[in-house]
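Counting along the sequence shown from 1, when you hit position 61 you're at 61 in UniProt numbering, and nothing is skipped either side.
The hints are simulated quantities; they were obtained by calculation from the structure and are not laboratory data.
Be a bit skeptical, because a hint or two may be false.
Each computed DSBU-like pair below joins lysine-lysine, with the alpha-carbon atoms no more than 35 Å apart [as the list claims (entries may be wrong)]:
1) Lys114 to Lys144
2) Lys114 to Lys184
3) Lys144 to Lys184
Simulated restraints, written as ranges between beta carbons of each label pair [said to hold, decoys possible]:
4) Thr203 to Lys144: 54 to 62 Å
5) Leu54 to Ile32: 29 to 37 Å
6) Thr203 to Asn137: 27 to 35 Å
7) Leu113 to Gln160: 23 to 31 Å
Bear in mind that the values here come from a model prediction, so they are computed numbers and not experimental data.
We put the beta carbon where it would ideally sit given N, CA and C, even for glycine.
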Amino acid sequence: MKKTLKKQNKIRGFTLIEILIALAVFAILATITTSVLYNAFTTRSRVNEQSTRLNELQLAISLIQQDTSQVIERAIRGNEMRLFSAFIGQTNYLEFTRDGVVNPGSIEKRSTLKRVAYICQEGTLIRRSWNTLDSLNRNAYDDKPLLSQLTDCHFGYLNQNLQILPEWREQAVGLNQHKEPFPKAIQVNLTLHDQGEINLLFTLPGALYAQS
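Work out the full structure: start from the sequences and follow the hints.
Here's what the structure looks like:
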């Protein structure tokens with residue numbers, strides 16, 4: 001009986017100091033764990049945002065490349081039969097006619113030509129298209145935002161003298177005053193708030209073989 005009492009006397013609970021130390025350690029571990037989880041979620045969110053941003057940029061480049069590689073010299077008629085040039089190049093606005101629009105099996109009676117435009121507007125790069133080439137209503141168009149949150153967006157036009165011009169008009173070149181309806185290339189200048197400045201150059205059909 002005495003031995004049992006001695007064993008019971010040796011069993012004791014935690015002291016207040018030990019409990020406080022344990023709670024402090026637990027609080028520190030909880031804070032560290034929360035911080036690690038927060039940073040992990042934040043990193044994952046940033047990676048997802050960067051991935052989405054990269055996909056948007058790749059899509060925009062792909063569309064511009066497809067359109068500019070099919071540019072043709074075809075003027076159009078618009079409202080009140082007004083004539084619009086085959087190629088319109090301004091600082092924040094680019095418009096032209098392109099070929100190569102897919103018409104599988106020629107099921108529908110429609111042209112393979114299409115009028116498209118690229119617009120820098122309020123920090124967004126927009127692709128505009130018209131369903132009808134010679135549209136009597138120029139306001140009947142479809143806009144597709146390609147890139148947003150741009151701090152700068154403008155176009156440039158490379159002429160035969162390899163000069164970048166802010167606007168494009170048919171240039172008289174050579175002694176024979178031969179008109180140059182298209183630039184050799186289109187420069188697309190973008191500044192993304194999260195990626196920095198990007199300058200892209202898209203050559204037009206025949207530009208690589210044109211005499212400068």
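Do the hints match the structure? See the list:
1. Lys114 to Lys144: holds, 15 Å
2. Lys114 to Lys184: holds, 21 Å
3. Lys144 to Lys184: Answer holds: Lys144 to Lys184 is near 26 Å, not above 35 Å.
4. Thr203 to Lys144: 54 to 62 Å: Because 23 Å falls outside the window, the suggested range is violated.
5. Leu54 to Ile32: 29 to 37 Å: holds, 32 Å
6. Thr203 to Asn137: 27 to 35 Å: holds, 33 Å
7. Leu113 to Gln160: 23 to 31 Å: Given about 26 Å between the Cβ atoms, the range holds.
Of the hints listed earlier, the one the structure fails to meet is number 4.
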